[in-house]
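Residue numbers (our numbering), protein chains in the order written: chain A, 2 to 236; chain B, 218 to 633.
If you are wondering where the hints come from, they were derived from the structure by calculation, not from laboratory data. Some hints here could point you the wrong way.
[Unchecked claim] Now the stretches of chain A that chain B is said to cover, found in silico as 3 or more residues with beta-carbon under 8 Å:
(1) 49–59
(2) 73–84
(3) 92–98
(4) 102–113
Backbone N, C-alpha and C define an ideal beta-carbon position, used for all residues, glycine too.
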Amino acid sequence: MSETIIDIQNISKVYEMGSQKVHAIRDISLNINKNEYVALMGPSGSGKSTLMNILGCLDTPTTGIYNFTGTNVRSLNDNQLAEIRNREIGFVFQTFNLLPRATALKNIELPLVYSGIRKAERTERAENALKSVGLDDRMGHKPNELSGGQRQRVAIARALVTSPSIILADEPTGNLDTKTGNDIMKLFENLWKNGNTIIIVTHEEEIALHAKRIIRLRDGVVESDEINENQVKLS
Amino acid sequence: MLYELKESIKLSMEALNSNKLRAFLASLGVVIGISIVIMMGWLLGGLDKAMQDTFSIIGTDMLFVDKWDWTGNSNWRDTRNRKDITLNQAELLKDLHGTAEYVIPSINQWGTTIKYDGETYQGMTTVGTTAENAMTPVGNLLMGRYFNEFEEKYGSNVIVLGHMVYSTVFRGENPIGETVKLNGRPFRVIGVVKKRGTMFFDFIDRQMFIPLKKYAAIWSVNKRSMSIGIKAGLDNDLDEVRTETIGLMRIIRNLGPNEPNDFSINETKAFEKSIESIRLTVYTVGIVMTSLSFIVGIIGIMNIMFVTVTERTKEIGIRKSLGAKKRSIWTQFLVESAFLCLIGAVFSLIICSGIAYLAATYLPEYFPELSFLLPTLPTELFVIAAIVSIVVGLLAGIIPAIRASNLDPVEALRYD
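Bound-form chain A, shown alone (with noise of 0.2 Å):
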């Protein structure tokens, strides 16, 4: 049996506005194991940001336990969240979200400052996960001199640098054309093949179709989980 990465256990999060309590995701429990290839999809309204933000530790549960490779995520403090989402999570989001005065090189040096790593050690590595999406020859580019498609890649990068447990890309393709989308999504297969596990939050049937796994919210609950038989495959 695999090793399990996130096991949730009857979650929810309810949100107060004003004097009204809004529940935004309800009873959720779900188990995601090493090297998963998992789309999470619900329209909007669904609690799809609500559950990402959880399981990116972002955000933590009103009720319900969250183990993440055997932590307990409530109990912790904003620091412990912090050195979790440092060590273990990888964020790739719809707007790229790069640092907009640093280089590419920089932005992917980022996660390893805060995990206090000598700046050779850190050149060295984010070189690598530079190379890894295919753009050692933007390293000194700044994100206003790359194209979409590339800024997604430095994301990647970013996301990658760290070696993360999860990869957690949220609407990845949304600010994409159809065929950069696409080579983004290769990415994305290529490093599930390498043993990575990978989460992608989308609303696009056709973004969904190429995990293996899809996991369905609808009004905070969890509509349908199931394995994906008709898995798109690009390479």
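Model the placement of chain B on the given structure of chain A, informed by the hints.
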């Protein structure tokens, strides 16, 4: 940690560089505050130096028995009603004094006119004194010699000029052997005193010294009070000399046991007091102005840091998602705030150095009393300005930095 600091400084430089005008306006209050601190230190530095100079021209081992009090602390009416100190009393003191090295009576005639080469000069002071006056700091001559006991005894027509008299009347020409006229009487110039004047004692260079006996023949010594200079000598205890002087003067002046002294003992210590009051004024004005401008400055910097935090909300979110801890975030903003103020301090130092140099170079020409100004800033002011600016920056940055570090990563990432 060290790396983070370095990175934060680099980051702040980029951030400030991208918005120069805003950074300038924000730090204006701090620039003004630090400038006031620097100018205050510069003025006090000049005052201290002037005080030291004054001490050395008066002589730290000198006491002066006078009718008037230098400090002006005693009641002016009482002082005015004191009896004059007469030549007889001065000579008695000289005969009786056991501990002093020299007792030197002198008397001043203010507003003497001096004539030379057909021109008349006013506003000088003639001092009638003894040859022993050469043993006091007045004896430091630029050229020539002082009059001797022989010339004093016979009341010779010889004169030693103060530096300003020399430079005004002779304008750099050699005065030795020339004849000048005081109140129509000819005097042969035999010496010139070195320049000694400072802001507290600028009249001192307008003095001209002639033998006491000669003075008595022209103006009489009974019309005004004598001043008795007492040189303790470096080997003697000044306190002992002062005690004996007071005791003798009380006897000479026939004072009863319960009567207060009807004379003043003046010494350089008196200047420490008057300097102290100037210093206190400068401090008070300076501190009030500094506090005000620092309050304005801190508000300015705090405001700009709040704006910066808001502008960089997204960036903070990104950094947090990548694992930045609270400490990293607030370090970054505190460093930026401190750095902004430090840049302000550098500006202040440059501006104030310029002002100090120009003021000390050109102002004394028009306002001689400002000659105490130093042309360069005292070194310790650079350290003080740096420390003060960093402290102000840290103070102003604390609240914005804490706000930044407490931002919710989810909210921050959503910010556009």
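Here is what the structure says about each hint:
| no. | hint | result |
| --- | --- | --- |
| 1 | 49–59 | holds (count 3) |
| 2 | 73–84 | holds (count 4) |
| 3 | 92–98 | holds (count 3) |
| 4 | 102–113 | holds (count 3) |
The structure agrees with every numbered hint stated previously.
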